[in-house]
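Asker: Chains as they are written, first to last, in my numbering: chain A, 82 to 463; chain B, 627 to 833.
Bear in mind the hints are in silico, worked out from the structure with no lab data behind them.
It should be emphasised that the depicted structure is a prediction, and the values quoted were computed from it without experimental measurement.
Glycine included, C-beta positions come from ideal geometry on N, C-alpha and C.
Treat the hints with care, since some could be wrong.
Mimicking BS3-like on lysine-lysine, the simulated pairs with C-alpha atoms at most 30 Å apart in a straight line are [claimed, not checked]:
(1) K143(A) <-> K211(A)
(2) K828(B) <-> K342(A)
(3) K815(B) <-> K342(A)
(4) K635(B) <-> K342(A)
(5) K758(B) <-> K665(B)
(6) K815(B) <-> K211(A)
(7) K342(A) <-> K665(B)
(8) K828(B) <-> K299(A)
(9) K733(B) <-> K635(B)
(10) K776(B) <-> K299(A)
(11) K84(A) <-> K815(B)
(12) K828(B) <-> K211(A)
(13) K665(B) <-> K84(A)
Here are a few chain B residues that face chain A, going by a calculated C-beta distance under 7 Å [what the hints assert, rightly or not]:
(14) P740
(15) L761
(16) E764
(17) N771
(18) F773
(19) A775
(20) I819
(21) N822
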Amino acid sequence: MNKTYLSYNNIVSSLGFDSPTVVQKIHEGLSGVTLIEDETLFPNPFYASVIDSDYLGKAFEKLQPAGGYTRLEQMMILSLDKIIKASGVALTDRVGLILSTTKGNIDTLDPRNPMPAERAYLGTLGHIIKNHFGFSTEPIVLSNACVSGILAISTAKRFISQGTFDQVFIVGGDIVSNFILSGFNSFQAMSTLPCKPYCKQRSGINIGEVAASVLVNKDQDNLPPEAVEILGEASCNDANHISGPSRTGEGLYRSILSAFKEANVGPGDIDYICAHGTATIFNDEMEAIALNRLGLDAVPLNSLKGYFGHTLGASGLLETIVSMHSLYHNTLYPSKGFTELGVSQPLNIITAPIAKDLNCFLKTASGFGGCNTAAIFKKVRS
Amino acid sequence: MKAQHLKIKEYCKISNNRVLLNDQLLYEDQGSDFTTFIKLAYKKMDTNYPKFFKMDDLSKLGFLASDILLKPMTQDAEITKNIALVFSNSASSLQTDRKHQESIVDKENYFPSPAVFVYTLPNICLGEISIKHRLYSENSFFIFNHFNAKYLHDYASSLIESEKADEVLCGWINCDVEDYEAFLYLVSKKGSIEHNKEEIIKLYTTK
Chain A
82 MNKTYLSYNN IVSSLGFDSP TVVQKIHEGL SGVTLIEDET LFPNPFYASV
132 IDSDYLGKAF EKLQPAGGYT RLEQMMILSL DKIIKASGVA LTDRVGLILS
182 TTKGNIDTLD PRNPMPAERA YLGTLGHIIK NHFGFSTEPI VLSNACVSGI
232 LAISTAKRFI SQGTFDQVFI VGGDIVSNFI LSGFNSFQAM STLPCKPYCK
282 QRSGINIGEV AASVLVNKDQ DNLPPEAVEI LGEASCNDAN HISGPSRTGE
332 GLYRSILSAF KEANVGPGDI DYICAHGTAT IFNDEMEAIA LNRLGLDAVP
382 LNSLKGYFGH TLGASGLLET IVSMHSLYHN TLYPSKGFTE LGVSQPLNII
432 TAPIAKDLNC FLKTASGFGG CNTAAIFKKV RS
Chain B
627 MKAQHLKIKE YCKISNNRVL LNDQLLYEDQ GSDFTTFIKL AYKKMDTNYP
677 KFFKMDDLSK LGFLASDILL KPMTQDAEIT KNIALVFSNS ASSLQTDRKH
727 QESIVDKENY FPSPAVFVYT LPNICLGEIS IKHRLYSENS FFIFNHFNAK
777 YLHDYASSLI ESEKADEVLC GWINCDVEDY EAFLYLVSKK GSIEHNKEEI
827 IKLYTTK
């Protein structure tokens with residue numbers, strides 16, 4: 082089977098508009114989660130990671146866009162533009178485009194939004210991105226709740242190994258909207274403070290917005306120094322509940338086991354776990370159980386939600402990119418917000434930056450609908 | 627390529643108030659709206675799954691079409707089946723998204739409900755099917771402007787060839803303002819129809 086690599090990458094977030102800047106901020110311990118007071122988004126002040134609109138608008142203007150674009154389209158185009166240019170890849174019929182999003186332009190359903198509500202169709206979003214850059218192939222939009230970002234990487238790998246494409250550009254994105262905030266609030270899942278994954282004092286999630294993109298490549302040529310190889314991946318359902326995780330972590334357990342099998346590695350080969358860690362009571366507990374069933378309790382682990390909030394359909398992609406840079410810098414970054422273990426099983430939560438030789442990491446995510454995804458990545462250059 | 631040996635075992639269509647299994651008409655009710663039609667079809671198919679009535683329209687449609695194909699295969703609780711679910715549509719969960727949006731647009735009449743919000747993701751339908759049939763398997767939900775046989779074919783083939791799934795339940799489940807449509811087919815190593823792009827399009831377009 083072909084090998085596949087994650088290569089050129091970008092993050093457009095409240096911590097900065099390119100991966101090295103964002104990773105440097107994480108190294109310095111800075112978080113993009115702040116107190117937001119905006120009644121058009123939510124009646125009360127709330128903690129979230131929101132991109133500065135003026136800054137976004139100015140950065141986007143530099144691309145000299147023709148026509149009007151929504152907030153999410155601007156974020157996605159800005160992100161993808163950088164990696165298309167950096168990679169120099171020509172957009173032929175061998176190059177795919179995958180979008181990973183849960184809600185796309187959902188803000189256009191609001192009658193106060195100047196854009197037409199038809200813009201909320203995810204296929205339309207796909208075509209706007211396709212046409213902006215001139216991709217030759219039909220866009221593939223993946224909308225599989227909070228595992229979308231990692232599943233998009235799996236999907237790209239599968240289409241490449243099947244011979245459909247030689248290279249795939251993935252862009253993931255979701256925005257902070259009144260639609261999402263009101264929904265998670267109705268579930269009583271939102272924290273009134275900055276989120277604290279796996280911590281005894283955790284009280285729920287923060288929402289965040291981001292666009293992240295990566296080039297998935299089957300050739301080893303033309304890779305940036307932080308590139309990683311995709312060793313294995315899998316996605317398994319809990320078959321348990323549509324809005325609550327399995328008490329035994331069944332789907333996550335099976336996903337990781339199956340990814341191990343494809344990667345031909347075991348728990349001892351994993352140097353670092355970038356977990357989902359939303360900071361809800363049930364999610365974090367479920368992950369602790371699944372990871373302990375697999376003997377992964379001693380492996381250094383973090384959740385990056387304390388830096389970005391939960392960025393929904395982009396989260397898995399965003400967090401994989403940060404982890405690539407973590408490997409490149411041979412540095413483990415702390416799980417922001419964590420002070421005292423608040424799950425029933427042991428986990429080795431990273432509490433301060435640690436310099437360590439890193440070769441291989443595991444990324445996981447879980448979401449509504451009982452879905453779980455795991456992927457294992459290895460450094461290309463040692 | 628091993629892909630040439632894969633087959634389509636069975637297929638199911640629900641559209642125009644008709645339920646078809648392999649082009650055999652199982653149920654028809656031309657007089658009803660979708661809500662009534664899908665309820666009557668559920669009864670006619672002996673589905674017997676009370677959670678059905680809590681689902682949104684997209685999940686009801688996907689659940690019923692899947693149940694018709696999967697019920698004979700998953701009746702034995704002892705045998706775990708590794709059947710992946712690969713669904714696609716053009717409207718995502720927009721019908722339910724509009725309902726949630728209506729509940730939050732007016733501050734004086736603000737009533738967001740978790741029972742509605744949870745269905746504002748298209749893959750919830752896959753979760754419902756996985757629970758009913760005890761499928762701890764791969765789930766993917768794609769959005770295309772139009773039915774895309776090529777992508778579905780390549781993706782399903784890859785899941786079976788990489789041994790991530792033994793069989794793949796594949797297809798199109800769409801609910802929008804004007805219309806609804808379900809077309810699901812089971813990709814397997816056994817069956818009488820070739821699994822290729824042309825056959826998939828033929829099955830999808832034959833009325």
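Asker: So, for every hint listed, does it hold in this structure?
Answerer: Now the hints, each set against the structure:
no.	hint	in the structure
1	K143(A) <-> K211(A)	19 Å, holds
2	K828(B) <-> K342(A)	37 Å, violated
3	K815(B) <-> K342(A)	22 Å, holds
4	K635(B) <-> K342(A)	28 Å, holds
5	K758(B) <-> K665(B)	18 Å, holds
6	K815(B) <-> K211(A)	35 Å, violated
7	K342(A) <-> K665(B)	43 Å, violated
8	K828(B) <-> K299(A)	33 Å, violated
9	K733(B) <-> K635(B)	52 Å, violated
10	K776(B) <-> K299(A)	21 Å, holds
11	K84(A) <-> K815(B)	26 Å, holds
12	K828(B) <-> K211(A)	28 Å, holds
13	K665(B) <-> K84(A)	48 Å, violated
14	P740	5 Å, holds
15	L761	6 Å, holds
16	E764	5 Å, holds
17	N771	4 Å, holds
18	F773	11 Å, violated
19	A775	11 Å, violated
20	I819	20 Å, violated
21	N822	14 Å, violated
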